[in-house]
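2 protein chains.
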Amino acid sequence: METTDKMRVDVERSIQQSVEDISETIRALLAERGIFALNLISSPGSGKTTLIEALLSRYEGKGTVAVIEGDLETEIDADRIRKHGVNVLQINTRSGCHIQPIQLLNALRRMDLSDTRLLIVENVGNLVCPAEVPLGEDKRIVLLSVTEGDEKPLKYPLIFQTSDVLIITKTDLLPYVKFDMDRVRRAARIANPRIEIFELSAVTGEGVPAFLDRIESFGDAKRPRP
Amino acid sequence: METTDKMRVDVERSIQQSVEDISETIRALLAERGIFALNLISSPGSGKTTLIEALLSRYEGKGTVAVIEGDLETEIDADRIRKHGVNVLQINTRSGCHIQPIQLLNALRRMDLSDTRLLIVENVGNLVCPAEVPLGEDKRIVLLSVTEGDEKPLKYPLIFQTSDVLIITKTDLLPYVKFDMDRVRRAARIANPRIEIFELSAVTGEGVPAFLDRIESFGDAKRPRP
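Protein sequences appear in the order of chains A and B. Residue 1 is where the first sequence starts when you use my numbering, and the numbers rise one by one after that. Residue 1 is where the second sequence starts when you use my numbering, and the numbers rise one by one after that.
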């Protein structure tokens, strides 16, 4: 039994090491090409794909955005994104609860990234597992919809601790649900005092421009001045 | 590298075996005491705790219900349930994306179950990982709120395949979101033709009695006739 435990710890350590190595490979590949990368994480149905669509409305036709979609099964999200005329690839994780770095690396190697400046990775809908897995992203963004409850940053702290930005989505539903915006902001800042918080509704468009401006300024800060 | 892979497979197999052994131990413990057990699974914020509260309103004061709450952190849900005067215990999984059978077994051993007839386990909010982990339950119930989208059974099929019952929650929000009830029913039946489907709003109470009646009939079917 002790041997098995020791073996398990060794194997887990070796897997974790290889995860981090591959993330570093992704980071280097993106840096070399001057690509700014976002990793979008949330529960299923918090509005990740809809937010990406809103984001694409600003970039449409520019060919500088690439999107990677993560789901257990189906091409539903990739099909939605493809309609916006951008470079998109679907990863199916089957029973996997997050995108593995090796899956992302293989996807990036299959894509033509020559014009890409912004890469958006939509992770599997899950507020737990993706928090532990770096994908070489520049910014990690966690979404929380107002229908999910304002206590979530207390109950699922890890993803809020490791994210740069929190987006409170579906604010158009605020009149119909119990959700205290001050309470969720306090809870998020307990987990992570440095997290930047945006509130928006991709349906009405309220709050979307401020978030898109911030994404652009992140990207500008990464790219070298001409 | 091959040795590591072989080791990993062996270790994973041994872990899976021990998971199944412990689930069987839980199942035997519950059977011996004539306890009917539910395992509630959904994304964070789909309404598991609110549904349990609705369920308790029928059993309140009877002392025959015990509840186990699963969350990464906090006692928030256990505190909510405790107010209903029932036996409740909180499991904190820290970074764990589901309740482990050993955590449940240890919790059950710490509780006084002498009067318990119905055990409700609220799993960690996650539509992926808990699907692979049997907890010795009699019925597995997956919840999906109308705000999460009607395509989720296609994108996350495993949990729908392994559940006995699907509850569509938050139907009071239907007027404000895009959600096609026929589409979600078709999608769920593609994953699992035998799944029983209920629609309800724990806020308005609509649909709740039909579901509670069904829970009672499940429990009656398990217990031996006097």
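Since the hints were made in silico from the structure, they are not lab data. Certain hints may be false.
No distinction is drawn between identical chains; accordingly, a pair holds when it is met within one copy or between any pair of copies.
What the hints assert, rightly or not - Once the Cα atoms are required to be at most 30 Å apart in a straight line, the calculated DSSO-like pairs of lysine-lysine come out as:
no.: 1; residue 1: Lys178; residue 2: Lys222
no.: 2; residue 1: Lys83; residue 2: Lys6
no.: 3; residue 1: Lys222; residue 2: Lys6
no.: 4; residue 1: Lys6; residue 2: Lys139
no.: 5; residue 1: Lys6; residue 2: Lys178
no.: 6; residue 1: Lys155; residue 2: Lys222
no.: 7; residue 1: Lys139; residue 2: Lys83
no.: 8; residue 1: Lys155; residue 2: Lys83
It should be emphasised that the depicted structure is a prediction, and the values quoted were computed from it without experimental measurement.
Cross-check of the supplied hints:
1. Lys178 x Lys222: neither (39 Å within a copy, 37 Å between copies)
2. Lys83 x Lys6: Neither way: lysine 83 and lysine 6 sit 50 Å apart in one copy and 43 Å across, limit 30 Å.
3. Lys222 x Lys6: Neither way: lysine 222 and lysine 6 sit 42 Å apart in one copy and 42 Å across, limit 30 Å.
4. Lys6 x Lys139: Result: close neither inside a copy nor across copies, 35 Å intra and 36 Å inter.
5. Lys6 x Lys178: neither (47 Å within a copy, 50 Å between copies)
6. Lys155 x Lys222: Neither: 33 Å inside a chain and 34 Å across chains, both beyond 30 Å.
7. Lys139 x Lys83: Within one copy only: 25 Å inside a chain, 41 Å across chains, cut-off 30 Å.
8. Lys155 x Lys83: Close across copies (19 Å), not inside one copy (37 Å); limit 30 Å.
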